[in-house]
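Novice: Residues per chain, in single letters:
Number of protein chains: 2
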Amino acid sequence: MMENSENKEKHFKVPNKHLTKLHEDVLYHIGFSSKDDLPKLFGDVKFVCMGGSAKRMFVFAKFMQEQLIGIVDCKDEPKDICSTDRYSMYKVGPVLAVNHGIGMPSLSILLHEVMKLLHYAKCSDVVMVRIGTSGGIGVKPGTVVVTETAVNEMFEPKYHLAVLGKIKSRNTPLCKDMLETLLSCKQETDSFDVVKGKTLSTSDFYENQGRLDGALCDYTEEDKMEYLREAEKHGVKNIEMESTCFAAMCDTVGIPAAIVCVALLNRLEGDQVSTPPSELKQMEMHPQQIVSRYIKQKLSK
Amino acid sequence: MMENSENKEKHFKVPNKHLTKLHEDVLYHIGFSSKDDLPKLFGDVKFVCMGGSAKRMFVFAKFMQEQLIGIVDCKDEPKDICSTDRYSMYKVGPVLAVNHGIGMPSLSILLHEVMKLLHYAKCSDVVMVRIGTSGGIGVKPGTVVVTETAVNEMFEPKYHLAVLGKIKSRNTPLCKDMLETLLSCKQETDSFDVVKGKTLSTSDFYENQGRLDGALCDYTEEDKMEYLREAEKHGVKNIEMESTCFAAMCDTVGIPAAIVCVALLNRLEGDQVSTPPSELKQMEMHPQQIVSRYIKQKLSK
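In order, the protein sequence lines correspond to chains A and B. Counting from 1489, one number per residue, gives the positions in the first sequence under the numbering used here. Counting from 1489, one number per residue, gives the positions in the second sequence under the numbering used here.
Only chain A is shown next, with the shape it has when bound in the complex:
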């Protein structure tokens, strides 16, 4: 009895008290329901790994499957288990790999529904890792940036959202232990650097990131460089479009979280992503290698 109730205590729970009133909870965008046998399907999940692109998350799931054969039961090729076309999800033993689309609104829907999935599945000791692509600030293309703090366009460690018409601010801390362990997963033989730094999270790829090559741009190159250098002074090492929302939501529900992105270009030297696709694919593997070593290390304990 004692052991059972202790185990129950450890199950991950989302803080929303209204859910108990629902007869059924349809996780509309990922295509599951609280009436499915979620504990059987997902009860063993320990690592939720996510990134923007569905294809990239399939590559990651396949890579993890190769890495974990013999360690966990995962002999079949990963299949997309989302029944909708909004998101794609793959399960490889205790690793759930899912894409979140582009930007914080798309990410937030996925997080709400995946967090409820973990809740109904009675998961325990889960961590979340965002594996992304980004623009670097003063780092070489191919560098992996592990996020120390996620900041908004004003360089504040905050995520603002409008709840019932009023602005609510959430803090954006990430897990220090995960950060340090991920940094230590760099190996001598790696062809790329792994650094820590602040990550700037924006709501657009063009104007919000100071690019000169969007359809709209009413500032000068000097204005742009001033903003990027200001970012650099604040310790920003890379720019993407999800980190503040990801950090704030994981912090609010109490899931330890980390963000590991590759910088595809150095924004102090240009705006265009004109690297050939084959090289981009190679670079996209860098954060996947770091995260796979992290997962293997945790599973071997």
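I should point out that these hints are in silico values taken from the structure, not numbers from a laboratory. Small disclaimer: the values here were computed from a predicted structure and weren't measured. The reader is advised that the hints may include incorrect statements.
Since the list gives no way to pick one copy over another, a pair counts as held whenever it fits inside one copy or between any two copies.
Unchecked claim - As a list, the in silico DMTMM-like pairs of lysine to aspartate or glutamate whose alpha-carbon atoms are at most 20 Å apart:
hint: 1; residue 1: 1784; residue 2: 1554
hint: 2; residue 1: 1501; residue 2: 1706
hint: 3; residue 1: 1654; residue 2: 1532
hint: 4; residue 1: 1656; residue 2: 1709
hint: 5; residue 1: 1654; residue 2: 1710
Dock chain B against chain A, hints included.
Specialist: Just chain B now, kept in the frame of chain A:
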């Protein structure tokens, strides 16, 4: 000579003056380049139709192909012409159908790149239509809402974005002519209503829309109902996640634009989208029918 220069005047141009300095412009997320023969590939585009889901936009492209056979040259099944997995794009004669993912950041990337595509392709007389799904306010599920004005979470007709760390506000007007013509495309035999109203655009599906069934929710049912009734008082007929950004960007570049969404549920009666998938598919056709009639009417002139 005279005629040529007049024609040139009419080509759609994006307002960003920096683009002339680019040797090549890689439209990174949709997989085209200014070095492709864009006038040949896209020069005849007149209607850019977009929605969140890739599968839904394929359904629309296929529907338009059936509708336009014999009117324009479009005998082959539409194929996805984006070489990336970020977005999917289909061309059916003068109709470009493309998905924009979920939320304004994802939409804004697509708009920047599609607007530049239209610019390099030297298109003229282009209009844009967003064909979406939404939650209704005081309307029957299945109702088509054509947007009069797009408003943000504070019910203002504004789109705010952070450019170089400073908040910039853009207005969100839509084309009145398109609105009236779209409303007139309703037919007696339709099983659904077509209404006009304000559309509330949010940055999240759960907390920002006052849902009680997210992973996070720290307000009461009374708070939620108060906000939704306030929305209703402001003339809001439906809630989605893209309209203010869509309206503001189209207005800024000078493309006439309209938003036509189906309401999948009445939010005054609940939060969950628990309608069976087959009925949802049926409802998703309602705005497609209205927009296809609009396009056929314009092409017949």
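Novice: Next step is simple, just say for each hint if it's right about the structure.
Specialist: So, going through the hints one by one against the coordinates:
In the homo-oligomer, the alpha carbons of residue 1784 and residue 1554 lie at most 20 Å apart inside one protomer (12 Å), although the nearest pairing across protomers, at 52 Å, exceeds that limit. Taking the closest pair of Cα atoms, residue 1501 and residue 1706 come within 20 Å of each other only across two copies (15 Å); inside a single copy the shortest separation is 47 Å, beyond that limit. For the identical chains of this complex, residue 1654 and residue 1532 are neighbours neither inside a copy (38 Å) nor across copies (45 Å), given an alpha-carbon limit of 20 Å. Proximity of residue 1656 and residue 1709 under a CA criterion of 20 Å is satisfied inter-copy only: 18 Å between copies versus 34 Å inside one chain copy.
In this homomeric assembly, residue 1654 and residue 1710 come within 20 Å of each other (Cα to Cα) only across copies, at 16 Å, whereas the closest approach inside a single copy is 35 Å.
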